[in-house]
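A.B. asks: The chain contents come next:
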Amino acid sequence: MLEQLTPILASKKALVGLGIVLFWVLAASIGPFLVPHDPLHQNPDAINSGPSAKHWLGTDDVGRDLLARIIYGARRTLILAPLSVLIALMIGATLGLVGGYFGGTVDELVMRLLDAFMAIPTVLLYLIIISSLGASALNVVLAVAIGGVPGIARLVRGLTLDIRTREYVSAAKLRGEGALYIMFLEILPNARGPIMVDAMLRVGYAVFAIGTLGYLGLGLPPPLPDWGNMVQRAHAFIFSNAWGVLWPALAISSFVVGLNLFVDGWQQINRRYRG
Amino acid sequence: MNSKLTDRPNETPVLEIQHLAITYETLKGNIPAVQDVSFAIGRGETLGIVGESGCGKSSVAFGIVDFLGRNGKITGGSIRFKGQELRGMPARELRQLCGSQISMVYQDPMQALNPALRVGDQLMEVLIDHQEAAKEEAREESVSMLRQVHMPDPEQVMERFPHQLSGGQQQRALIAMALLNRPALLIADEPTTALDVTVEATVLDLFDELSQEFETATMYISHDMGVIARVADRVGVLYAGEIVELAPVRDIFLNPVHPYTQALIRCVPQLGESKETCCLQPIRGRVPSPKALPEGCFFAPRCDYARNACQRDHPLLRTINRGSLVRCHYAEDIVGGVCQRTREADLNLSPQETREDAEVIFQTRGAKTYYEQEAQSLLGMLGLGEKNYVKALDGVDLEVKKGNTLGIVGESGCGKSTLAKTIVGLESLREGQIKFLDYDLSETVEDRDLELIREIQMVFQNPDSTLNPSYKVGRQIGRPLTRFGSVKPSEAEQGVKRLLHAVRLDESYANRYPRQLSGGEKQRVAVARALATRPSMLVCDEPVSSLDVSVQAAVLNLLLDLQEETQTTMLFIAHDLSVVRYFSDSVAVMYLGKLCEVGPADAIYAPPYHPYTEGLLSAVPTPNPSLEQKRIRVTGEVPSALNPPQGCRFHTRCPRKIGAICEEQEPPAVHAGNTHTIYCHIPLQELREVEPVLTQIDADRKFAADTQD
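Top to bottom, those sequences are chains A and B. First residue of the first sequence? That's 314 in the numbering used here, and the numbers climb one at a time after it. First residue of the second sequence? That's 35 in the numbering used here, and the numbers climb one at a time after it.
Derived from the structure by calculation, the hints contain no laboratory data. On a predicted model such as this, the values are computed, not experimentally measured, just so you know. A virtual CB, placed ideally from N, CA and C, is assigned to each residue, including glycine. Please note: incorrect hints may appear among the correct ones.
To be verified - If the Cβ cut is set under 8 Å, some of the chain A residues that face chain B in the computed set are:
#, residue
1, D351
2, R479
3, S483
4, A484
5, K486
6, R488
7, E499
8, P502
9, N503
10, G506
Go ahead and model the full structure; you've got the sequences and the hints to work with.
C.D. replies: Listed below in structure tokens is the structure:
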């Protein structure tokens, strides 16, 4: 494990990215105990106010403290985004492995199924899923997951097509290993590098996606805060109180940038070490 | 091939390198790839640089042409080209010089040619850029050069793209490109390694011819001693970034002085030697990593002659006798003990007779495996229209007795790998029969019984991809042990230790990952893994081709020992005729999916020969100075297996073709001995009268004759 951490420590970019991500993780876990205000408490005297001594980041259109909402929102986002990527990974990797390993008709079927999903514009896909399943945290996660499945499946399929030509896969066949064993225990562990890198990036996309869903009003039901619906509500008041939009937007971007920096730096170091 | 440098001692050598040192900067520190290399090459002379992987030979070549990459730097010494110092020259000037007076021929021709440009354009570009020639002139020159490299149909070839040429033709095109500017210096970095033996022979002949005609100074890099013996006038042996011996080619092979040179020659099977009469002596230990070089002499830890001074003081390169330089403290004391091959004392082989009397456990009759070609036409895509097949294996009859080794040899496209895969079940047999013990091997491995699967195992070619990089070695050896239920999971650890010992690896290897092992060690683990199920038959698909020669010897010895202990029958596939002869009891020679000749190993290597076998044997470059080799050249390239020639497959290239019968009828199986079969139309009596390809002679006479050419 330690050996795998050294690349991270060697890259400044990766460290910065990791720092940002860890900051938010910390904020989400400890923040709620430190923040003085209740994110749901509406204060009619302080509507749409900017940063002040009492409300460090200001308040939203019904007087709720923005700082508290950001921190509680962080919790939702940081749990739901990775969860949706995890689900997408499980489904996508399986589809990709099956298609890549068996080839032929099976591969065609899987690919065309994915093509069908990819042909539908993402937002429309979300609309269809949420409107039929209803708006809840779980359904949001499912919608974002399904949106991510085709991309992951393609990646894994490509990797599988390459790895299955390796001699250790032939050696496994010569032990009479079944297809499941070969796919998940011989091929998948050797594809984990690119898959993990892709997954990290997808967490960023998932944050945006959840935010978008929130923005469209399809996201997590109110009054619980999440960064996306914060932007949606505050957007109407953007000319009088830009802070309401700014803080959640900054939160989303910084988290995504942090993830990307981390992944980028890590990849760079890995490549240099190999060469 | 005389040493022209000594003929013209006052002429400035074309290339003179003194104490060259090259270092690569990496994240993990600086790696001194080249420590101290000095040599000079005169006009018309060929210097062979020989060494194993990691010795720095390619670095030297790249260093000369300033192609070391971003992190490589020349940290010491001087490179003089025709008296001019190249180090410190401004990049632009250097590039000009490199383009016009120094040329390089690389190992992989497909990678060195631009796939998007026509061959003609690439050739003409050389002249247009450097000599500012007009297009027409450039074209004429190029065609004439292609003719000089014996390229068939030069005008046609000018219009083709690289992928439309075969490997041998691509390499000729590259050589033509390299010589267009009449360079004073030609650097060849293993140019024939990727080519088939028969093609290699013709390309080596070409190098000979051209270096004489154009008087180019050539630096020829190779790991193959035989090739070096053929092309070089003088030889430099490289070890751990230093030259350890530099001598005329005759001295290197007749009287090698440095222990490493001796060891290299001792561990390579010479064409004609067999396991009954000879012992390969691998070099113990590993090549030292450039970051952790030993104190004193770099070779001392592996040297049989090492004494105290060797571990303390680093020896310098010094003159021994006229023309020879050696880097060894005790060079004078070392008498040439080169070709002292010990007898079977080391190997304890069971006598040949018991092997011959064993029962036949493996047999094929008319085995055919075809690969379906992807549909080319619209009709084909819909499943209609004619199907085209690559006839990789087209009717093969073989037999192997228990405890014996059948060697299968042939060039690319002959079907040997397909045969291996069909036997093992990775490909499906289309027609014919393969019998093994009581089993019928017509199904693919997915449909076979577990019992059968454990009886046949395989050792693969590429040590880097034969082990799963994500799991420890112990787990990978343990898996076949537990999978077939022969060992309980609690006893697996013991079983793994036992297997590691059997392949002469320490128990600690069980906890290592494949990336921590060297190529030879990985291949041993692969052997251990294959033997875990105690198979009755082991199929080895070119198991030593990717390994250095010193490691090759160790793995071959290991396989021989294991066969002796376990009486496993082996199928040994290789393209190296010397290795196959050494290792096998019987040999099958294949060409384009069919057999040419099958029989006991000593019968194959002596007349009567199939013409193809004869061509193969005379093409193999052999470094044995006491062996005279006939010069029969098989011209042309291997035809496509999609549309193999009618009648005898070999007739398009056969130097002994007798006429129309060869084009029309398939050759019959002619029995030249009780197990020796030749598939040829030429009457057996005529074949018996052919002179042997290899004859023992007095070595001095051979070199004297060569220098007179």
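A.B. asks: With reference to the structure, classify each hint as holding or not holding.
C.D. replies: Evaluated hints:
At a threshold of 8 Å, the smallest CB-CB gap from A:D351 to chain B is about 49 Å, leaving the interface hint violated. For A:R479, the interface hint holds, since its Cβ comes within 8 Å of a Cβ in chain B; the closest pair sits about 5 Å apart. Interface restraint check: A:S483 against chain B, minimum CB-CB distance 6 Å, threshold 8 Å, status holds. With a least beta-carbon distance of about 7 Å to chain B, the hint placing A:A484 at the interface is held under the 8 Å criterion.
With a least beta-carbon distance of about 5 Å to chain B, the hint placing A:K486 at the interface is held under the 8 Å criterion. The interface hint given for A:R488 is met, as the beta carbon of that residue sits about 5 Å from the closest beta carbon of chain B, less than 8 Å. Given the 8 Å rule on beta carbons, the hint for A:E499 holds: about 6 Å separates it from the nearest Cβ of chain B. Hint status for A:P502: holds, given a least beta-carbon distance of 4 Å to chain B, under 8 Å.
Hint status for A:N503: holds, given a least beta-carbon distance of 5 Å to chain B, under 8 Å. Annotation: A:G506 was flagged as interfacial toward chain B, and the flag is violated, the nearest CB pair being 10 Å apart, outside 8 Å.
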